[in-house]
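K.L.:
If you want the building blocks of each chain, they are given just below.
Number of protein chains: 2
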Amino acid sequence: MTTTDMTAAGVDDSMRNGVDTAALFATLDAVKQAPEAAKFQFRAHNQLVSGTHNRTTITDFFGVGEERAHERTFTFDADHPAVLVGQDQGPTPVEFVLHALAACLTAGLANIAAARKVRLTEVRSTVTGDIDLNGILGLDPEVRNGYQRITVRFVVKGDAPAEKLRELVEQSRARSAVYDVITNGVPVTIEVDTR
Amino acid sequence: MTTTDMTAAGVDDSMRNGVDTAALFATLDAVKQAPEAAKFQFRAHNQLVSGTHNRTTITDFFGVGEERAHERTFTFDADHPAVLVGQDQGPTPVEFVLHALAACLTAGLANIAAARKVRLTEVRSTVTGDIDLNGILGLDPEVRNGYQRITVRFVVKGDAPAEKLRELVEQSRARSAVYDVITNGVPVTIEVDTR
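From first to last, the protein sequence lines are chains W and A. The first sequence begins at -15 in my numbering and counts up one residue at a time. The second sequence begins at -15 in my numbering and counts up one residue at a time.
Each hint should be verified, as a subset may be incorrect.
Stated by the list, open to error - The calculated lysine to any residue pairs, modelled on SDA-like cross-linking and capped at a C-alpha distance of 20 Å, are:
hint: 1; chain 1: A; residue 1: Lys101; chain 2: A; residue 2: Phe9
hint: 2; chain 1: W; residue 1: Lys141; chain 2: A; residue 2: Gln31
hint: 3; chain 1: A; residue 1: Lys23; chain 2: W; residue 2: Arg128
Hints in this document: simulated from the structure, not taken from any laboratory.
All chains, full assembly: derive it from the sequences and hints.
P.N.:
As structure tokens, then:
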């Protein structure tokens, strides 16, 4: 986040950290009145390109009672690097998981800080995931397929004491959708149409 | 995957579905000889831009005993749509989770099919995730923050019977890193530096 953003945000007191807190609280109130509005379905559409290279488009979703679409279609390629027998046309799928976690915690932090009237001047994070590929390669039955551990290291600065900044991160963690998915797991159903 | 890709892949018998099966088996043999080579660390670096809009770069990783980098730096923006008080500068973090799952299952499917000498002519999938935002909004303590369920719907075509194609998808699921992360969970540690 740049200093320019921060200054611009300071013009209107309802805007903080780029968050429209008036809209945020109005949304909360609206959902309190109509809890069904909060039922969302997100979607990703993927297609094999070649080998480990495949491409996802993200555009449609359901929420607040109706079908919706992003303002544009987002397209992402995933692949393996050469050392994992790919062409490196995109990050690996497991790297996108780390991105999702960083993005969710950071968006939550910005919202929560704004709601609590804390101006953030810098929020950076590095997320690391340790994985032993003996799992997915099927070479060691004792090794899991996925990450063994994930670590998020935040640098957070703003106009609040260190303790308060840490509380904001903790509250973001406590309300993070991706953190919940990654730490607690989600049931996944796979259907296959071969017609 | 286009018909042209398929034809090109057919020129060399070690290439199948765009997968260099000779390299794939050589990698498996190399890791059997030196299991430590399979210890990888993947990383994502994220920075708050403004509000729910933040940006991740993915470039460096560790694997096969040394620090490595992708051939280029990949950059991804995440945001919320307007209906969730964002500017829609990118997909939501939870949508990237669906992308990661589709990408992982599809890359695995291409590798496994190639190893088992099945030529795939079409692999598409749609991944949906149902989420009730009463969780992350803190409005209902009974509702979890993350997805309640995720469904993957594959369309798979190739030169094998339907039963065989289903087996390939099942084997991909059984060896998928992202499927494991999402269904079984991973311990996540968060550190905060406020200096």
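K.L.:
Could you tell me which of the numbered hints above are not met by this structure, giving the numbers in increasing order?
P.N.:
none
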